[in-house]
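The whole structure should be built from the sequences, with the hints applied where relevant.
2 protein chains.
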Amino acid sequence: MTRHLHLNLFIYPDGHHEAAWRHPDSETDRILDISYYQELAQKAEAAKFDAVFFADGPSLAENIRYAARFRLEPITVMTAIVAATERIGVIGTASTTYTEPYNLARQLSALDHLSKGRAGWNIVTTGAADAALNFGLDAHPLHRDRYARAEEYVDVITKLWDSWEDDAVVADRESGLFADTDKIHRVDHDGEYFSVRGPLNAPRSPQGRPVYVQAGSSEDGRAFAARWAEAIFTAHQTLGSAQEFYADIKQRAQAGGRDPRGLKVLPGISPFIGSTAQEAEDLHQQLNDLTQPEYSLAQLLRLTGVDLSSYDLDGPFPREVIDTDGERSEGSRFQLVLDIVEREDPTLRQLCHRLAGARGHRVVTGTPDQVADTIQQWAENGAADGFNVMPPWLPGGIDVFIEEVVPILRRRGLFREEYTGSTLRDHLGLVRPDSQYAPTPQKETA
Amino acid sequence: MTRHLHLNLFIYPDGHHEAAWRHPDSETDRILDISYYQELAQKAEAAKFDAVFFADGPSLAENIRYAARFRLEPITVMTAIVAATERIGVIGTASTTYTEPYNLARQLSALDHLSKGRAGWNIVTTGAADAALNFGLDAHPLHRDRYARAEEYVDVITKLWDSWEDDAVVADRESGLFADTDKIHRVDHDGEYFSVRGPLNAPRSPQGRPVYVQAGSSEDGRAFAARWAEAIFTAHQTLGSAQEFYADIKQRAQAGGRDPRGLKVLPGISPFIGSTAQEAEDLHQQLNDLTQPEYSLAQLLRLTGVDLSSYDLDGPFPREVIDTDGERSEGSRFQLVLDIVEREDPTLRQLCHRLAGARGHRVVTGTPDQVADTIQQWAENGAADGFNVMPPWLPGGIDVFIEEVVPILRRRGLFREEYTGSTLRDHLGLVRPDSQYAPTPQKETA
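So the sequence lines, in the order shown, correspond to chains A and B.
The first sequence lines up with residues 1 to 446 when you count with the working numbering.
The second sequence lines up with residues 1 to 446 when you count with the working numbering.
Take these hints with a grain of salt, some might be off.
Which copy is meant is left open, because identical chains are indistinguishable; a pair holds if it fits in one copy or across any two.
To be verified - Okay, derived cross-link-like pairs now, DSBU-like style, lysine-lysine, Cα gap no bigger than 35 Å in a straight line:
id, residue 1, residue 2
1, K116, K43
2, K250, K48
3, K116, K183
4, K250, K116
5, K43, K250
6, K116, K48
What the hints contain is simulated information worked out from the structure, not anything from laboratory work.
None of these values were measured; they are calculated from a predicted model.
As structure tokens, then:
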């Protein structure tokens with residue numbers, strides 16, 4: 001069986017484990033240096049990864065005191081990366097709640113032009129409530145309202161990206177016609193959240209539209225993804241959970257009239273790799289030993305809405321204090337934390353350690369073969385079309401994955417030896433969309 | 001006399017003359033290719049220019065039909081340029097009317113980090129009224145209201161850039177202290193236009209703040225520039241007008257308690273260069289012959305608010321139809337057009353040609369020595385600290401300036417042979433500002 005997995009490198013400054021910056025092999029002194037990020041992307045490109053991936057949020061994490069949780073703005077970082085690479089895609093997070101569609105449309109269109117078709121947009125509604133206070137709002141909009149705005153936002157931005165037909169630029173020196181304005185369209189959107197006339201002020205980009213990526217797995221998130229997403233970044237602790245999600249989201253896409261192959265499911269995976277299983281466990285333990293409860297509890301507060309700092313770290317998790325009916329419970333990560341508690345009955349400290357590696361994404365600890373086995377198992381059993389690889393620390397955590405695990409995946413026929421196309425859509429096997437304003441192609445009307 | 005001028009290369013896709021894209025030596029087929037812009041910046045860097053400069057506006061020019069007047073979004077373009085250069089600064093335009101300060105603060109901070117201190121922000125309130133329709137507004141805010149918002153915007157964004165003291169990042173692996181949160185400050189701004197809690201979500205950038213550039217010369221614009229600007233891009237047709245502006249703006253800065261040397265005045269200059277004066281005139285005429293009245297009249301409509309398309313192109317300019325008391329008259333370019341009409345009594349076509357080269361900036365036509373003479377005259381007579389060089393067409397128009405004019409300026413002791421610093425502030429001779437939240441330095445309290 002030849003099956004081509006998709007692999008993204010999800011870059012956090014020092015790595016995904018919350019104590020990564022304290023690891024002796026991390027390069028904490030370089031995490032504000034763009035050459036560090038360019039080198040990581042170049043490594044991923046040499047390994048033929050589909051893309052590098054960046055999270056984002058427009059506020060400062062409270063626990064910056066204990067970890068390298070600042071945010072370098074992703075559009076700038078991605079642009080610097082495409083300037084230093086040739087083929088690999090870049091996927092960056094931007095919020096539909098805290099940006100204007102005309103501005104974001106311009107920036108992602110420019111990134112797609114500059115990269116010759118390698119841009120992807122991870123569409124989020126922003127989870128961190130305190131972002132509201134940086135944008136003149138008294139309160140973060142409710143989960144459902146954020147998704148309602150997101151729906152309209154993606155509709156508007158899609159119109160803007162379609163507003164120039166592909167052949168609108170004529171540039172005929174002789175006649176003096178630069179652009180055929182019959183092929184440039186106002187979008188005249190007038191909705192509940194946005195009123196945007198358009199057109200965009202730049203020609204259509206190489207991919208037509210950047211790749212639409214989405215990362216929410218709540219009910220609202222699934223409905224949104226089934227309608228819009230071309231790739232989904234999702235968090236699952238177990239094969240069963242991932243399979244349920246995979247089947248559900250593909251079915252929803254199909255029910256909405258989409259080809260389910262046009263929607264790639266990419267769970268996060270954070271691999272601790274050792275030459276023996278014990279060595280991998282030791283590495284994991286070494287990082288967990290460097291965690292700080294103040295950081296972990298602040299993260300739990302963000303996920304669950306409850307301040308647990310007065311509870312005994314080595315006592316059982318106080319599940320009775322969690323409000324399972326509140327606004328917070330609509331987020332997909334809330335449920336994931338509760339599932340771990342149900343399944344594993346951890347102490348508070350054990351739960352902190354469970355979440356320290358990858359904030360609820362699947363952590364795999366083992367030899368290269370064992371890590372490859374998990375990847376293969378998920379890929380061949382309806383749980384994943386690929387993975388967002390989240391190295392516990394950087395750069396070593398991606399080096400060992402590329403050197404030890406990728407060759408095994410190739411030997412098993414699971415991962416490409418070479419790129420076969422030049423755009424991110426090519427890598428992911430996604431079609432290039434026509435502009436909604438373009439005349440119906442001949443082949444369909446003939 | 002040794003005097004160091006500042007020179008920026010102001011990049012328009014095909015060049016500043018509105019018919020540049022039709023010039024046989026322009027590279028119209030490359031104006032969506034980032035390597036084209038990177039090469040232009042590399043040429044300017046090899047010539048030791050201070051910076052490259054980008055205009056912007058968040059709407060599509062009506063006259064896209066007749067000229068290459070799309071807008072590639074500047075923050076992305078600048079980022080791709082700093083990734084391909086080492087020393088030259090980048091100055092990009094962003095609107096205080098149509099962006100959110102928290103978002104722009106993040107992007108310009110990231111650009112300053114990625115470039116190791118080479119970022120500048122050209123602060124504009126946006127002149128094109130139809131931008132409003134892309135952002136959910138029924139009408140473009142009035143000139144004075146845009147400036148009121150700009151004042152508060154710059155206050156807020158400055159607080160955000162200052163919100164991390166320079167030494168807030170500790171990154172002590174041993175103790176586990178990543179950032180000293182006593183040195184990270186909420187900004188708690190609550191004003192008429194903005195309510196922003198902060199802090200920014202990334203460490204302070206190499207320059208502390210990007211260089212503040214401003215480009216309006218109206219009464220509101222001058223007051224704003226005197227308070228905030230560290231460099232001013234301004235349009236003047238005559239030495240006298242430039243001298244008046246230069247003296248006025250330096251005096252205003254001084255009256256406001258600033259060192260006037262901390263505010264550099266950089267008029268635009270668009271040079272048509274030939275080996276003889278006649279050759280330069282012919283080149284200018286060749287480009288003017290390629291202009292299209294539909295484009296020029298649309299530009300005049302934007303500058304004056306009046307549709308002149310029903311008037312005889314070869315008749316006198318119909319000055320009686322211009323409303324000199326309206327909202328439009330508060331813009332500095334409006335006055336500049338009227339001044340040309342008063343001084344030169346042109347036909348409508350002649351006025352179109354006068355504005356075709358550089359939209360009202362000074363056009364100089366002559367031999368390399370004659371162009372250098374004008375630059376020297378303005379620099380030595382209180383009219384300019386440097387220039388924003390606006391090549392009529394690209395890349396040839398900057399090649400000839402660098403090859404023929406820059407060596408003359410160097411021989412005359414007017415322009416640097418080498419960079420002496422590494423940041424844009426270094427190039428411009430500007431101090432690096434302390435954070436307003438930092439304790440008063442010892443030297444001041446001792």
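- With identical chains treated as interchangeable, where does the CA-CA distance between K43 and K250 reach 35 Å or less: within a copy, between copies, both, or neither? within (32 Å within a copy, 51 Å between copies)
- Message: Checking an output row: K116 and K183, CA cutoff 35 Å. Within, between, both or neither?
- Response: within (22 Å within a copy, 42 Å between copies)
- Given identical chains, is K250 near K116, meaning Cα to Cα at most 35 Å, within a copy, between copies, both, or neither? For K250 and K116, only the intra-copy Cα distance (30 Å) is at most 35 Å; the inter-copy one is 45 Å.
- Query: Is it within, between, both or neither when you check K116 against K43 at 35 Å Cα-Cα?
  - Reply: For K116 and K43, the Cα distance is within 35 Å both inside one copy (20 Å) and across copies (23 Å).
- Item | K250 and K48: within-copy, between-copy, both or neither at 35 Å Cα | within (26 Å within a copy, 56 Å between copies)
- Item | 35 Å Cα threshold - placement of K48 relative to K116 | Both: 17 Å inside a copy, 30 Å across copies.
Hint check: no violations occur; every hint is consistent with the structure.
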